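Q: Sequence lines, in order, name chains W and B.
Note that the first sequence ends on residue 325 in the working numbering; no numbers are left out.
Note that the second sequence ends on residue 325 in the working numbering; no numbers are left out.
If you're looking for bench data, these hints aren't it; they were derived computationally from the structure.
This structure is a prediction, so every number in the text was calculated from the model and none was measured.
Among the hints, erroneous ones may be present.
A pair holds if it fits inside one copy or across any two, identical chains being indistinguishable in the list.
Said to hold, decoys possible - The calculated lysine-lysine pairs, modelled on DSSO-like cross-linking and capped at a C-alpha distance of 27 Å, are:
#1 K183 / K137
#2 K183 / K65
#3 K65 / K137
#4 K261 / K212
#5 K117 / K29
#6 K208 / K137
#7 K118 / K29
#8 K184 / K65
#9 K212 / K117
#10 K29 / K65
#11 K244 / K183
#12 K118 / K208
#13 K299 / K261
Protein chains: 2
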Amino acid sequence: MRLSQIGELGLIERLKRILDSQIIGDDTAPVNLGGSTVLLTCDTLVEDRHFKISYPPSAIGWKAISVNVSDVVANGGTPAYALISLVLPDVQVSFVEEVYLGVKKACEFYRCQVVGGNVSKGDKVCVDVFLVGETERFVGRRGAMEGDWVFVSGPLGDSRAGLELLLMEKKNYEDFELSLIERHLRPTARVDFAKHISKYANASMDISDGLSIDAHRLAQASGVRLNLFSKNIPISQELRSFCRKHGKDPLQYALLGGEDYQLLFTHPAGRFNPFLSMFHIGVVEKGQGVYLDNNPVEPEGFDHFRVLATSI
Amino acid sequence: MRLSQIGELGLIERLKRILDSQIIGDDTAPVNLGGSTVLLTCDTLVEDRHFKISYPPSAIGWKAISVNVSDVVANGGTPAYALISLVLPDVQVSFVEEVYLGVKKACEFYRCQVVGGNVSKGDKVCVDVFLVGETERFVGRRGAMEGDWVFVSGPLGDSRAGLELLLMEKKNYEDFELSLIERHLRPTARVDFAKHISKYANASMDISDGLSIDAHRLAQASGVRLNLFSKNIPISQELRSFCRKHGKDPLQYALLGGEDYQLLFTHPAGRFNPFLSMFHIGVVEKGQGVYLDNNPVEPEGFDHFRVLATSI
Chain W
14 MRLSQIGELG
24 LIERLKRILD
34 SQIIGDDTAP
44 VNLGGSTVLL
54 TCDTLVEDRH
64 FKISYPPSAI
74 GWKAISVNVS
84 DVVANGGTPA
94 YALISLVLPD
104 VQVSFVEEVY
114 LGVKKACEFY
124 RCQVVGGNVS
134 KGDKVCVDVF
144 LVGETERFVG
154 RRGAMEGDWV
164 FVSGPLGDSR
174 AGLELLLMEK
184 KNYEDFELSL
194 IERHLRPTAR
204 VDFAKHISKY
214 ANASMDISDG
224 LSIDAHRLAQ
234 ASGVRLNLFS
244 KNIPISQELR
254 SFCRKHGKDP
264 LQYALLGGED
274 YQLLFTHPAG
284 RFNPFLSMFH
294 IGVVEKGQGV
304 YLDNNPVEPE
314 GFDHFRVLAT
324 SI
Chain B
14 MRLSQIGELG
24 LIERLKRILD
34 SQIIGDDTAP
44 VNLGGSTVLL
54 TCDTLVEDRH
64 FKISYPPSAI
74 GWKAISVNVS
84 DVVANGGTPA
94 YALISLVLPD
104 VQVSFVEEVY
114 LGVKKACEFY
124 RCQVVGGNVS
134 KGDKVCVDVF
144 LVGETERFVG
154 RRGAMEGDWV
164 FVSGPLGDSR
174 AGLELLLMEK
184 KNYEDFELSL
194 IERHLRPTAR
204 VDFAKHISKY
214 ANASMDISDG
224 LSIDAHRLAQ
234 ASGVRLNLFS
244 KNIPISQELR
254 SFCRKHGKDP
264 LQYALLGGED
274 YQLLFTHPAG
284 RFNPFLSMFH
294 IGVVEKGQGV
304 YLDNNPVEPE
314 GFDHFRVLAT
324 SI
């Protein structure tokens with residue numbers, strides 16, 4: 014049996030069984046070190062899967078850090094230390110230096126520090142980041158309570174539209190198209206939410222594979238049902254323009270598009286913070302699964318081994 | 014300019030400059046978390062560079078953990094938590110499961126725990142391990158003092174001979190050949206030395222790229238000269254048999270062969286511990302560089318981007 018037959022999640026289930034692991038599959042692993050809770054996470058960008066070698070190298074470095082910071086923030090932490098493991102073919106030195114300029118910019122922005130790493134030779138570029146974060150209180154995806162409101166931190170679907178635009182390889186892009194491309198190339202992890210999550214959220218994760226599948230993961234881990242309202246799901250002007258131009262449905266992009274790195278979290282309505290860009294997209298109810306305007310939503314989204322055709 | 018023109022170390026120097034990093038390039042990065050010193054390290058095994066897909070999968074998992082544990086032990090720590098980032102083509106599920114059985118066995122042996130990871134699709138198998146260790150006292154490669162004795166923790170050169178035997182792909186191997194192959198496939202990190210290093214060593218590192226180049230690194234970081242005695246360098250019976258059979262010089266294997274994952278460390282003679290397999294191979298003197306029986310030794314060894322031809 015090959016990996017493509019069981020998918021990424023099927024593989025992870027099998028590997029967890031081998032390790033007798035109780036890991037629930039949160040964005041980070043909370044561990045105890047010296048009496049405090051530390052968050053560990055890793056995420057990889059692989060050439061021709063997550064990026065093309067023709068992308069701006071600094072964007073590759075920026076994104077490699079950002080996707081990891083997003084995991085730490087999703088669990089209520091702030092990033093502290095990173096290690097970078099590079100696999101590199103015999104590329105131009107300037108390419109690697111520019112990747113690192115992106116890494117540096119991201120680390121300055123998120124206030125974390127690269128403390129080490131490793132370089133190996135390989136056939137494709139692979140940027141693997143390990144990030145260590147600190148937190149007052151770990152918040153995972155299993156704590157959603159009946160009656161909680163469901164929030165996201167910003168517009169969804171932009172990154173997917175940006176990826177499609179990039180792959181069109183047009184000579185000239187309109188301004189709104191460039192914005193969407195930028196959101197795919199240089200997503201921003203929502204560090205502004207770290208304290209709010211740690212202090213108030215009952216459950217939290219980042220939306221890396223698409224709202225539909227990620228909402229299912231949160232619902233399943235918490236043993237609840239999420240009831241979402243389509244009219245409240247935030248959609249950017251740029252995505253609306255894109256969908257108008259190409260005859261597409263923005264809601265589908267918001268539900269199925271991945272890599273936006275917005276946060277999905279739940280807590281009681283009263284904990285709403287007007288200084289953060291919180292969008293109230295639903296409520297937590299008794300039951301299971303995810304519903305949109307009272308219709309069941311399939312757990313569709315990005316699975317590395319099954320639906321690669323929908324990626325690059 | 015391409016990577017092959019500046020080599021792995023040249024690249025690392027440039028990347029450190031970009032990050033304004035004071036990192037000296039120890040085996041692990043010591044960081045402060047919750048008031049205690051934590052060691053962070055990562056190391057990758059890449060298909061066709063560090064292993065062939067035909068190797069026993071459990072050995073790949075064992076080695077991926079061991080090489081990281083070796084880094085932590087070299088700096089006086091004990092391993093605690095690991096993350097594993099896998100890049101996988103569409104291989105057999107059983108292959109990945111067997112890799113993980115090797116990971117599990119290693120974690121049980123070294124008493125550490127896999128707490129998370131990540132899976133991506135790619136063209137070649139890549140096993141990237143991130144390891145977090147704990148220590149009472151970090152010991153790096155910069156503290157060697159004049160008058161210290163230089164020690165290694167066990168025989169050198171076996172792994173290199175084992176690799177060469179593996180690549181011969183013989184139908185039948187003699188017993189001593191199988192032992193050498195086993196040392197290449199399943200090196201053991203010297204966790205038995207962790208406390209001794211942390212308590213007594215002035216400088217320490219593991220020998221992953223070969224005694225010659227690694228001794229140079231320790232000498233340079235400490236600003237001292239290492240004077241080694243060839244007759245004291247431990248060489249196994251198996252390596253002697255191999256060299257007799259193939260007309261090779263065992264000392265060359267001990268000096269240039271990498272991946273033995275023995276420890277190289279220094280401290281005053283009086284701190285010798287008779288319960289550990291400590292081999293006194295030299296002394297620390299004023300000056301610079303590495304000398305063998307008073308003749309200068311070139312810093313030769315394994316560099317990922319220059320001398321790949323000498324690897325797989």
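Q: State for each hint whether it applies.
A: Taking the hints in turn, this is what the structure says about them:
When the C-alpha separation of K183 and K137 is checked against a cutoff of 27 Å, the pair qualifies only within one copy, where the shortest distance is 25 Å, while the shortest distance between copies is 31 Å. With identical chains, the CA atoms of K183 and K65 are at most 27 Å apart within one copy only, with a shortest distance of 15 Å there and 41 Å across copies. Taking CA atoms no more than 27 Å apart as the test, K65 paired with K137 passes in both settings, with 10 Å inside one copy and 17 Å between copies. For the homomeric pair K261 and K212, neither the shortest alpha-carbon distance inside one copy (39 Å) nor that between copies (66 Å) is at most 27 Å.
In this assembly of identical chains, the alpha carbons of K117 and K29 lie at most 27 Å apart only when taken from different copies (11 Å versus 34 Å within one copy). Neither within a single protomer nor between protomers do K208 and K137 lie at most 27 Å apart by alpha-carbon distance, with minima of 38 Å and 40 Å respectively. Taking the closest pair of Cα atoms, K118 and K29 come within 27 Å of each other only across two copies (14 Å); inside a single copy the shortest separation is 35 Å, beyond that limit. In this assembly of identical chains, the alpha carbons of K184 and K65 lie at most 27 Å apart only when taken from the same copy (17 Å versus 43 Å across copies).
With identical chains, the CA atoms of K212 and K117 are never at most 27 Å apart, being 29 Å at best within one copy and 36 Å at best between copies. Taking the shortest Cα distances, K29 and K65 sit within 27 Å of each other only across copies (25 Å), while inside one copy they are farther apart (31 Å). Taking CA atoms no more than 27 Å apart as the test, K244 paired with K183 passes in neither setting, with 32 Å inside one copy and 68 Å between copies. Proximity of K118 and K208 under a CA criterion of 27 Å is satisfied intra-copy only: 22 Å inside one chain copy versus 39 Å between copies.
Taking the shortest Cα distances, K299 and K261 never come within 27 Å of each other, neither inside one copy (33 Å) nor across copies (73 Å).
In this structure, the earlier hints numbered 4, 6, 9, 11 and 13 are contradicted, and the remaining ones agree with it.
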